[in-house]
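In case you want the letters, here they are:
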Amino acid sequence: MALTGIQIYKHLPKTNCKECGFPTCLAFAMKLSQKQVELEKCPYVSDDAKALLVEESAPPIRKVVIGTGEKLLEVGEETVLFRHEKTFVHPPGITLLVEDTLGTDELQKRVKQAQAASFERVGQQLCLGLIMVQNISKDKDKFVQTIDVTQQNTDLPLVLASSDAAIMEAALEKTAGLKPLIYAATEDNYEAMAALAKKHACPLAVCHSGGLDKLTELADKVVGQGVNDLVLDPGIHSLGTTVAYLTQIRRAALKKSAKGLGFPVMVFAGPQGVDAQQEVLRAGVYIMKYAAVIVLRSAENWQLLPLFTLKQNIYTDPQQPLQVEENVYKIGEPDENSPILITTNFSLTYFIVAGEIENSKMPAWLVIADVEGMSVLTAWAADKFNADKIAKVVNTCGIKEQARNRNLILPGAVAVLYGEVAELLPEWKVMVGPREASNLPKFMKEQSV
Amino acid sequence: MPFAIPKETYNGKINSVTVGKDANTVSLGGISTYPFLGFEGQSQASIPIALEVWNSAPLDWPLALNELYGDVYADPVKWALTCQDKYKADMIALRLASTHPDQGDTSPEDAAQVVKQVLEAIEVPLIILGANHIEKDAEVLKACAEAASGYNCLIGKAQEKNYKTIAAAAMAYGHYVLALSNLDINLAKQLNILLTQMGVKEERIVMDTMSSSLGYGLEYSYSVMERVRMAALKQNDTMVQMPIISDVGIEAWKAKESKVDEAAWGDTHARGILWEATTAVGLLMSGSDALIMRHPEALKQVRKTVADLTSVEG
Ligand code: SF4
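From first to last, the protein sequence lines are chains D and G.
1 is the number of the first residue of the first sequence in my numbering; add one for each residue after it.
1 is the number of the first residue of the second sequence in my numbering; add one for each residue after it.
With the rest of the complex left out, here is chain D:
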C-alpha cells in the first residue's frame, strides 16, 4: 500500500543535507509519497531502509505489462475482493490460443479473425487482449515460423509458450523488443526461463499445478533469479478448484501474507474436453473471480460478445456508472412524426427506457441529456436534470431537424418540471410520461390513438 510522507520520513537519515535537491528529509519524503521523485536521489538512505520502503510501498499485486505500443496489456494492481469496495482496475486480457501445428492457412484465418473481433459497447471498444502461440510441435523452426505468421496478421501482444528454453530463445529473438509474455517457468526449467526473461526484459509466467504451496515456492525462486514481472498459472484443475485458487491468491496477495503470490494470475478456460459454450461460461467465472489473463481455445464472435460484455460490466467503476453520450437516439426506425422522449445518460436508465420503448413496438426518438451518469431522480435532486438542461439539450441535440412533431415526453419522475419546461420550450407540446419505465408501452399506445 502507499506509504505516507511521515512513514517514509522515519526511514530517512534525517540529516537534511539537501543532496536530494530538497531542503529537508521530510520534504523529500513528502514528494516520495506522491511518487514524484525516486528514492535513489538520496545517497544516504541505508540498504535496510531502502528494502523496507520498496517492500512496503509495493502494490499488493504487481503491475505487469505485456507487449508494447498501443495494444499493450496492463494487468495486476488490483486492491480489493469485491467490486463495490473499489473498482477492479485492469480488465483481464482475453487470449486466443493458436498452436504451431495448425497449417498456415488455418493459422492465418484464426489470427485474422481474432484481430478483427471487436465490438463497440457504450462508448468502449472491446477486443481480445493477447494471442498465445503454443509450441506443440517441439520444432524450433515451426514455432518461429508460426510466430512470424501470427505477427504478420495481428498487432496484439503475444504469449509465447514452449517448455524448451532453447526454442524459447529463438522465439524471443524473433520478437525482440516486443515484450511478449514467456510461458512458462516450471520446476524443471525456471533458471533458464528466468535468464531469458531477464535478457529480453519480458514478463514471465510461472506455472505449477501442484497447489499454491508449490506455486508460491516456485515464484519465490524465480524472483530470486532477478525476475519480478511474473504472471502466475496455478495449472489446469476443475472450475471449483481454480476458483478456490484464484480467491486464495487474491486474498493472500492483498494481505501480503505470501510474497510469491502478489502477481496477476492466468488461467486456461478451455482445457481439452470442454465444449465451446462451457469454455465461455468458465471464462466468465474467471473474469468475475480475479483472473488477469484468460486463455481460450475458440474465439467465435458469438462467444466473445457475451464475454466482453461481462468483462465490461464487472470492471465498470461502481462509483462512476457507465454513461451514454448526450445525443438523439433512434429506437427502431422513427420518422419525423414519431414520439420524442427525453431521459438522462445513466446507462442503465438509457437501457431500461430504450428497452421499454422497444417493447411498445413503436419507433421513437430518445433524447439523452448528459447529467454525469445519474438516474432521473438523482439528477433532478442534484439540480442537474432541470428545466434549463432539458431545454438546452432539446434545442442543441438535433432533434428539431430530425423530427417534425414537437411533442416532448418528460419522465414522470420529474413531472414537477412540466411548467418550467413548457415555458422554456414554447413551440413544444410538453407531456408527462409515466413514473415507471415499465408503463411506457401502455402510455405510448394511448398517446398514439
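These aren't lab readings, by the way, just hints derived from the structure by calculation.
Since the structure is predicted, the reported quantities are computational estimates derived from the model, not experimental observations.
It is possible that part of the hints are untrue.
[Unchecked claim] Listed next, the stretches of chain G that the computed footprint assigns to chain D, with coverage defined by at least 3 CB atoms under 8 Å from CB atoms of chain D: (1) 65–77; (2) 271–279; (3) 297–305.
Glycine included, C-beta positions come from ideal geometry on N, C-alpha and C.
Start from chain D and add chain G with the ligand according to the hints.
Showing chain G with the ligand alone in chain D's frame:
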C-alpha cells in the same frame, strides 16, 4: 514455510427453504460461504433451476424460444410438462402474464384455474408469478394461493406496495413468499422486516433483489447480491439471510444481443443461449441460490458449469 490458505470466517448462514410437496421438494439456500467456496464451509451442492411457463402465449419471445415451445404455448399444462419431462426442470415457474391489464387483463379466477391444472399435472414444485402489476398481482396471487393450497409453492413477487395481500394469502395457504426489491440492500432488508412483522416466518421468504441481464445492469444486481451476502454471512444480519432466486430468462431475452441477427455478432442461436447462460452464471457467482430460466439448452449449460464449480479436488 507452507502456504497458509486464507480462509474467511463467517458468522451467519443462509436459510434453507424447501418448497414443494411430499417427495417432490427442492431446497434453496442452506449455505454458509460466499458463492462456491467449498474450501471454507458449506457451499452450494447444486442450484435448483426453474423453467418459465406462461398462462398465455407470449407475443414477444424470440425465435429461439418459439421454436421450442410454440406448439405448447396454447396449453400451459402441456408446456409445464414439456419443461418438467423433456427439459428436466427442477421447478416450474408459472408466470400469469395475461392477467396484466395491458396484456389481456384476464381474471384472477382464470389464473387460479390454470394454477390448479398445472399443479395437478406436474410433480416438481411450482413457483407462481404475477404479471408485475402491483394491484392486479395482489388479487391474482390471492386467488392462486388458495387454489394451490397444500402444494407449498413459492408465490410472488411481493413488493413494497402489495406485500400485505400476497403475504397474507401465502400464510393462509401454506406457501412461501417471493419478495422483490429494487437493487438496494436496504430495501431488500426493509421488505423482509415488513414481511416478518406480519407474521411470515423468516424461513418462508425467498428474495429477488432484482435481476438484470448481462450488458443491461448485471453489475448492479451483482454488487447488490454481493453486499447482501456480506451482510448475511459476515455481519450475521438475519433479515437478509433469505435465499435469493434470480429471474434470469425474462431479463436476458430482452437484450437485443440475445435475439437479433447481426453478422458481426456471430451465430444468433448460440449467442442467445449463451447470453442467458452467462447472465445466470454472473448472478450465481454473486450470490443467487436458484434461477428462473427460459431456454433448456442454457439451463443445461448452467448445470454443467455448476457441477464443475462444485467439484473441488483434494
Ligand atoms: S539527501 Fe537524503 S539525507 Fe539528504 S536531505 Fe535528502 S533525504 Fe535527507
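Task: 8 Å C-beta criterion, at least three residues: is the segment 271–279 of chain G covered by chain D - done: holds (count 6)
request  = Check whether three or more residues of the segment 297–305 of chain G sit with their beta carbon closer than 8 Å to a beta carbon of chain D.
outcome  = Holds: 4 residues of the segment 297–305 of chain G have a Cβ under 8 Å from chain D.
* Are at least 3 residues of the segment 65–77 of chain G within less than 8 Å of chain D when you compare beta carbons? -> As far as the segment 65–77 of chain G goes, the hint is violated, because 0 residues have Cβ atoms under 8 Å from chain D.
Figure legend: structure checked against the earlier numbered hints; the only hint not met is number 1.
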